[in-house]
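Trainee: Here is how the chains run, residue by residue.
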Amino acid sequence: MSAVDGLPGRTAARNVVFLAALMIAASLFLSGFAALKVFDAAIEPEIEKRANLIGRSVRGEVENALQIGIPFNALAGIERYLSQVMVDFPEVERITLIDMNKVIIADVSRNPGDAPSDAVTLDVDKKNGNIIISPMLSGNTLVGEIVLQIDKNFVSSKMRNILLDVFVLGLIAVLLSFEMVIWTVSNTIGKPLDRVFIVLNEQASGAFNHIIKEKAAGNLMRIARRLSDRAHDLAERRGATGQIASIHKAYFSDVRFPLFLYSTATEISGSFLPIYARNSSTLAWLSDDMAATAPLIAYLAAIALVSPFSGLIASRFGGRNLFLFSIPVTALTLIGIGLGQSVVSITLWHGAMALVYALATVACQEYSLGAASKGENAQVLGGYLFVILGGAFCGASLGGVLADRIGIPGTFFFSAGLATFSGVLGYFALSSRIDRPSAPAGAETDIGKVVSGNILFRPRFLSLLAGVTLPINVGNAVFIWFITPLALEAQGAGFADIGRVMMVYYLVPLIVGPSFARLADGRIGYAPFLIAGLAISGIALTSLFFWSGFWPIAVAVAVFGLGHSMCDSSQYAHAIRIAEDSRLRNARLRGLSALRIFERLAAIAGLVVAAVFLETVGYVSITVLIGVAMLVGAVIVAAAEVGRGARNR
Amino acid sequence: MTVIWRIFYTLAAINFIVLAVFVFLVTIQFQAVLSGSIRERLAVVVENVRDPFSSVTEMGLPLSSLRNANAMLQRVKQDDDAIEAIHVYAASGEILHSTDEAKSEATTLSVPAVADAPGVLDIWYREDDRYFRAGGAILDAADRPVGGVSILYSKYNALTQVRAVAARLAFFCGLGLLATLLVSLPVLQFTMRRHVGLFNAILEAYDNFERRFWRGPGGQVLPVKAVKALGVDTTEFSSLLDRSEQNYATEKQRLAKSAGGENERG
Chain A
1 MSAVDGLPGR TAARNVVFLA ALMIAASLFL SGFAALKVFD AAIEPEIEKR ANLIGRSVRG
61 EVENALQIGI PFNALAGIER YLSQVMVDFP EVERITLIDM NKVIIADVSR NPGDAPSDAV
121 TLDVDKKNGN IIISPMLSGN TLVGEIVLQI DKNFVSSKMR NILLDVFVLG LIAVLLSFEM
181 VIWTVSNTIG KPLDRVFIVL NEQASGAFNH IIKEKAAGNL MRIARRLSDR AHDLAERRGA
241 TGQIASIHKA YFSDVRFPLF LYSTATEISG SFLPIYARNS STLAWLSDDM AATAPLIAYL
301 AAIALVSPFS GLIASRFGGR NLFLFSIPVT ALTLIGIGLG QSVVSITLWH GAMALVYALA
361 TVACQEYSLG AASKGENAQV LGGYLFVILG GAFCGASLGG VLADRIGIPG TFFFSAGLAT
421 FSGVLGYFAL SSRIDRPSAP AGAETDIGKV VSGNILFRPR FLSLLAGVTL PINVGNAVFI
481 WFITPLALEA QGAGFADIGR VMMVYYLVPL IVGPSFARLA DGRIGYAPFL IAGLAISGIA
541 LTSLFFWSGF WPIAVAVAVF GLGHSMCDSS QYAHAIRIAE DSRLRNARLR GLSALRIFER
601 LAAIAGLVVA AVFLETVGYV SITVLIGVAM LVGAVIVAAA EVGRGARNR
Chain B
1 MTVIWRIFYT LAAINFIVLA VFVFLVTIQF QAVLSGSIRE RLAVVVENVR DPFSSVTEMG
61 LPLSSLRNAN AMLQRVKQDD DAIEAIHVYA ASGEILHSTD EAKSEATTLS VPAVADAPGV
121 LDIWYREDDR YFRAGGAILD AADRPVGGVS ILYSKYNALT QVRAVAARLA FFCGLGLLAT
181 LLVSLPVLQF TMRRHVGLFN AILEAYDNFE RRFWRGPGGQ VLPVKAVKAL GVDTTEFSSL
241 LDRSEQNYAT EKQRLAKSAG GENERG
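If you read the protein sequences in the order shown, they are chains A and B. Using this note's numbering, the first residue of the first sequence is number 1, and each one after it goes up by one. Using this note's numbering, the first residue of the second sequence is number 1, and each one after it goes up by one.
Just to be clear, a hint being listed does not mean it is correct.
Under the rule of at most 25 Å between Cα atoms (straight-line distance), these lysine-lysine pairs were calculated in the PhoX-like manner [stated by the list, open to error]:
| id | chain 1 | residue 1 | chain 2 | residue 2 |
| --- | --- | --- | --- | --- |
| 1 | B | Lys-252 | A | Lys-49 |
| 2 | A | Lys-37 | B | Lys-155 |
| 3 | A | Lys-249 | A | Lys-215 |
| 4 | A | Lys-49 | B | Lys-77 |
| 5 | B | Lys-155 | B | Lys-225 |
| 6 | A | Lys-213 | B | Lys-155 |
| 7 | A | Lys-213 | A | Lys-249 |
| 8 | A | Lys-37 | A | Lys-49 |
If you're looking for bench data, these hints aren't it; they were derived computationally from the structure.
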């Protein structure tokens, strides 16, 4: 009945998340509208003060000229002076000097195409409230007026800069609500239903060994009480009360919310880590660029180091124990990064964080796979990646906002607290026992005789590594992390624009990933999905040979994200499929470990090679080369699958 | 039903947090815009104040020689209530002209040594909890700093404006939150109707089972409402309940018999 866990929880969360998104969008829209009005009203006195100051300044200059005897209608260079005032005060639309007969002496406008002001249009504008008039004196005689036309929306338009932040905030809130609704619905509906049906099925087949804790039964408490009482009663009659146990079962929904918060905590520095490291660098022998990339390389190297063993460690200690062990260490390393006064300590602490991050995430991945029903691997892995990416997206966005407000050390301390909180949730939510329908032992007995050999030397597995893992991970590390920021900066984009383009890369898999995973698990299958994903990503990158600029790069990033999300969960599910088909001992464990380490090694190698050759060949050539590698990868995977089909026939 | 209220509270809490962060962001942005605007305005005031003094020093005359300097400074001060004091000081830091005749410590704190100014032609700008401070150097004909102008500007009005913005926004966001919550509750009930319906049908099927149980043989058997939703079938649930109850009764009888047999043997 594990589908019961997934089905009501996911269906409800999917339905409710639309409501949550609508609700958040509606309240943000209403509040945004109110904020614009409040902002406009509140800034009004300041705008008036500015306008009065401009009026006084211009009047002072003109009156000084009049006092030394220059006639009002012969003020040389006045228009140049007025133009300078408009440079100093961008909200001034027009400055006009008129004499007592309403004759225009000087007129400077921000829009040169405007018709010259005359007395009639000035009178109309006065009624609009955007006009400030100051009289001018020569001695005790009134000689004319200065008419200032102010764009009152100019200052309040600065408020609109925040709307993009609000949009990001809304996306974070929707992701958070999605995870929280899944958590709530799963605990209130999915798990109670599942537990009741498991015990009911057992009892209907004559086994009375399990009870359901009342708290775990939600609204089905009455049913749970009766079923448990039967088991208690029979155990007492047999005199074997020690033989009954509470029903324990792992659910993917157990791990989702803790993992989401953990991912948010560990990715909190996504938007500022290179800057933090570069600014903390005091070493003469280390260039600023190397200092900026040092924590990233340490991160990848640490993950590559621990990847071969992480699967084994997770199997040895159990997903729950490993995740809970990782929490205090992660919190400690985050505090260490926050306290880090030098690039060396930041790099070391970040590398240490990557070690435990790798263990914690693999622990959650193993837990998720253990909770998955057979044939749902890609969906669970897709869901797992969705949670990781969602957390990364939230962490990077939240980190930027927090670092601006409370400083970088404070942001890391906050993330340490968040990681600890995720551990507390994990302590209560994760099951210590995992029913593992798709575990290696089960899988191997299902498929019959176990044969000897190593999965790593199987051509189909090698084709997956060479055709999918290598180009996709090189593309991710080199194109997304390294080249995109540099190329966009070269196009004149600011940090905010670069951040938004990067955000699209994370958003695409969040939106389409779960549907793709269902399609890959279902009718389409993993291999065609991988081939299509590689082809799409490859075309996106090679297309940069034909067009360039900010928007082409942004489109390439989005399309690459689309192709990448087709490959990401499918490659793991495909690796499991290859392992199961191979009937080799420990094939799944070895295969997944090899895949994880190969991912990191490919990324590191790609980054190093790209850094060495970037200056000589340029970013377009490197990007196109990676694109071509992806297209070749698609051919390799297709050939491997065709070869396998031919052998099977 | 519990699940609806739990989801409702979850959504309400998230929406509240989002709006609280929104109010915070907008207030911070307003504060930044207001500070920036005041800073630009003070830069112009500093320019306006130092221009007549620069005219004097460029002719080689000392700063103290400008007639009616204090009156001129008072006139500028009267243009804006928030200006607390304007000082014109010599290169040594000695205040030569000031709107604050007492030259109280609070206002003279705004006078920096000329050497501290970031650049002789730049307008410097500082900010603390209570005041904005702005100023600029006054140069002689050889572009050497011979003194400077310093303005102390109260933050009181600006802070009041910022607090007013925060309070108004919080009020409007509260109204928005209330409105969206009121609308979302029935929508949530509609969205969750299948889940709630399934739970109610299961509980109803269980009630029927219990009723049959206590009425015993011969009692009227109420039909089970067949609901199939979200992978669960209430008919299957009822049949499982019946089968498990039969197994339970059989097991009890078996245990009773084996216990009886043991007693007899005993």
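Trainee: Honestly, which of those hints from before does the structure not fit?
Mentor: Of the numbered hints given earlier, those the structure breaks are 1, 5, 6, listed in rising order.
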